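Colleague: Chain by chain, the residues run as shown.
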Amino acid sequence: MTWKNTAEAIVIGGGINGTSVAYNLAKLGMKNIVVLEKNTVCSGSTGRCGAGIRAQWGTEMNCRFGLACVEKFEQLSDELGMDVGLNQSGYLMVAYQQSEYEQLQKNVALQNSLGYMTKIVSREEAKEICPGVAVDDAIGFTFNHRDGHADPFLTTFAYQEAAKRMGVTFHKHTEVTGVKVHNGVAAGVVTTRGEIDSPLVINAAGPYSQFVAKMAGVDIPNYSERHEIIITEPVEPGVCPPMLMSFSGNYYLQQRPHGSIIGGCSPEGHPADYTLGATWDFLEHMSQVFTKLLPRAKDIRVVRQWSGLYNMTPDRQPIICEAENVKGFFLSCGYSGHGFMFGPVTGEALAQHIVLGKSDIPIDMLHYRRFAEGKLLIEPAVV
Amino acid sequence: MEDKTKDIIVCRCEEVTMGEVREWIAKGYDTFDELKRLLRVGMGPCQGRGCREIIMREIAKATGRPMAAVDPGTFRPPVKPVKLGVLAKGGDN
Ligand SMILES: Cc1cc2nc3c(=O)[nH]c(=O)nc-3n(C[C@H](O)[C@H](O)[C@H](O)COP(=O)(O)OP(=O)(O)OC[C@H]3O[C@@H](n4cnc5c(N)ncnc54)[C@H](O)[C@@H]3O)c2cc1C
Ligand code: FES
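Here the protein sequences come in this chain order: C and E.
Position one of the first sequence corresponds to residue 0 (numbering that gives the first Met the number 0), numbered consecutively onward.
Position one of the second sequence corresponds to residue 0 (numbering that gives the first Met the number 0), numbered consecutively onward.
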């Protein structure tokens with residue numbers, strides 16, 4: 000790729016959020032957009048995630064986002080001209096505690112009122128949805144067949160390819176080391192390969208977004224936590240068709256179209272040291288969760304184990320806005336454990352906000368100002 | 000003349016052809032990890048033992064770099080598959 004010293008917009012980070020916002024800016028007519036990625040596209044959190052998509056949430060805002068995401072994914076392969084590997088096999092939520100079950104029931108009422116027809120299901124129905132699942136200790140279940148997952152690599156590469164067709168330039172192995180600001184206005188970036196001037200700089204650096212913000216003199220309270228995940232060898236389909244998820248049980252498990260089963264959880268004290276290790280403790284714990292829930296999986300082999308980073312904010316909801324003290328410097332980060340599913344919708348919303356001054360789905364409440372004002376957006380339904 | 004090598008299967012486990020690999024390298028996916036994420040090469044039961052070399056050679060050819068300069072990509076533990084039931088018993092058995 001030839002290097003140009005000026006751009007109409009610079010996007011820092013080639014994950015789902017960076018590629019989505021770049022594509023959507025181009026779609027809205029912006030020319031000469033450059034995406035800068037320090038490694039390769041989809042090598043960050045996006046390439047390490049569980050890639051689940053759901054609208055089974057517990058706040059109105061997240062239900063609306065979730066539903067918009069499900070609808071977006073339902074037509075995304077057509078929009079981008081490449082298969083994104085969507086598989087709508089549903090999420091089966093499992094409650095083990097009374098208070099948790101009551102919360103799930105409230106969530107279902109809220110989702111139904113917004114047009115997302117999640118159902119409360121019996122243990123027998125749960126066992127039909129996921130044959131062989133051992134949930135005699137659980138007390139309640141909810142299910143929505145439109146939830147599911149997509150292939151995170153194909154989704155991100157589909158955005159990259161569609162963006163490239165509209166003239167967006169991608170520079171991989173290019174790290175941003177400085178953000179240029181003149182008199183409170185964004186002016187461009189400094190990278191390991193040279194400088195680029197631009198009045199518009201978007202920080203979609205995922206786990207590293209707080210460091211990139213700092214380069215522009217912008218303070219955000221984000222930090223990153225390591226989350227681990229395991230995957231088994233491929234086995235015949237039907238071992239775990241839906242995403243099994245429980246907040247008190249603290250797990251998510253699902254079989255992929257290729258037959259492998261993935262599983263993760265949220266153990267105490269996620270290390271926040273930015274390393275990507277894989278621990279024996281997690282492997283042992285997750286294997287226990289697997290075999291307890293799916294006893295017949297005990298002879299299935301684990302083939303890989305890895306970890307990725309959640310970029311966290313005080314309320315685990317993203318920051319999507321223009322910086323208060325630097326005009327033209329935008330943030331799209333802090334997506335916690337749901338940035339893959341949100342990316343297609345939030346990328347479009349941010350692009351609309353930048354180009355049109357307003358977006359189809361409101362994002363005003365996602366300004367980082369909310370932390371100083373004490374207006375946190377607490378979501379009950381997260382692992 | 001038509002290039003016959005394009006139909007050769009380079010990754011047997013995931014049934015990926017030379018033509019596909021070359022097509023994506025030409026689009027800029029010129030590291031082993033990018034091709035792995037896109038085409039699943041190296042993710043089959045043999046974990047790339049059967050295809051990594053051939054693909055790295057293609058990358059080297061297409062980018063004009065020596066083989067030694069091509070990144071072989073990441074390996075993720077455990078390299079030897081172990082049964083869930085055995086792992087679940089951990090150190091206590
Ligand atoms: C184990 C695990 C499971 C998950 N499961 C789910 C799930 O089921 N569903 C869901 O929706 N989400 C899930 N997530 C969360 C999801 O992965 C993230 O929220 C999402 O991928 C964030 O995307 P992003 O584009 O913001 O960040 P990233 O994908 O991390 O992209 C940011 C990119 O910026 C680059 N970068 C950073 N600094 C610089 C710099 N200075 N210069 C240039 N480039 C830079 C990085 O290399 C990286 O590629 C999970 C995450 C993990 C770790
Ligand atoms: S031949 Fe490619 S993974 Fe086995």
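Simulated from the structure, these hints should not be mistaken for laboratory data.
Computed from a predicted model, the values in this text were never measured in an experiment.
Note that CB positions come from ideal geometry on N, CA and C, so glycine has one too.
Among the hints, erroneous ones may be present.
Said to hold, decoys possible - Chain C residues, not near chain E, derived (Cβ > 12 Å throughout):
{"no.": "1", "residue": "172"}
{"no.": "2", "residue": "191"}
{"no.": "3", "residue": "368"}
Said to hold, decoys possible - Result set (BS3-like, lysine-lysine): computed pairs, CA atoms no more than 27 Å apart in a straight line:
{"no.": "4", "chain 1": "E", "residue 1": "26", "chain 2": "C", "residue 2": "171"}
{"no.": "5", "chain 1": "E", "residue 1": "79", "chain 2": "C", "residue 2": "3"}
{"no.": "6", "chain 1": "C", "residue 1": "171", "chain 2": "C", "residue 2": "118"}
{"no.": "7", "chain 1": "C", "residue 1": "291", "chain 2": "E", "residue 2": "79"}
{"no.": "8", "chain 1": "C", "residue 1": "105", "chain 2": "C", "residue 2": "126"}
Colleague: Hint by hint, say whether it matches the structure.
Modeller: So, going through the hints one by one against the coordinates:
no.	hint	in the structure
1	172	9 Å, violated
2	191	17 Å, holds
3	368	37 Å, holds
4	E/26 <-> C/171	13 Å, holds
5	E/79 <-> C/3	47 Å, violated
6	C/171 <-> C/118	44 Å, violated
7	C/291 <-> E/79	23 Å, holds
8	C/105 <-> C/126	23 Å, holds
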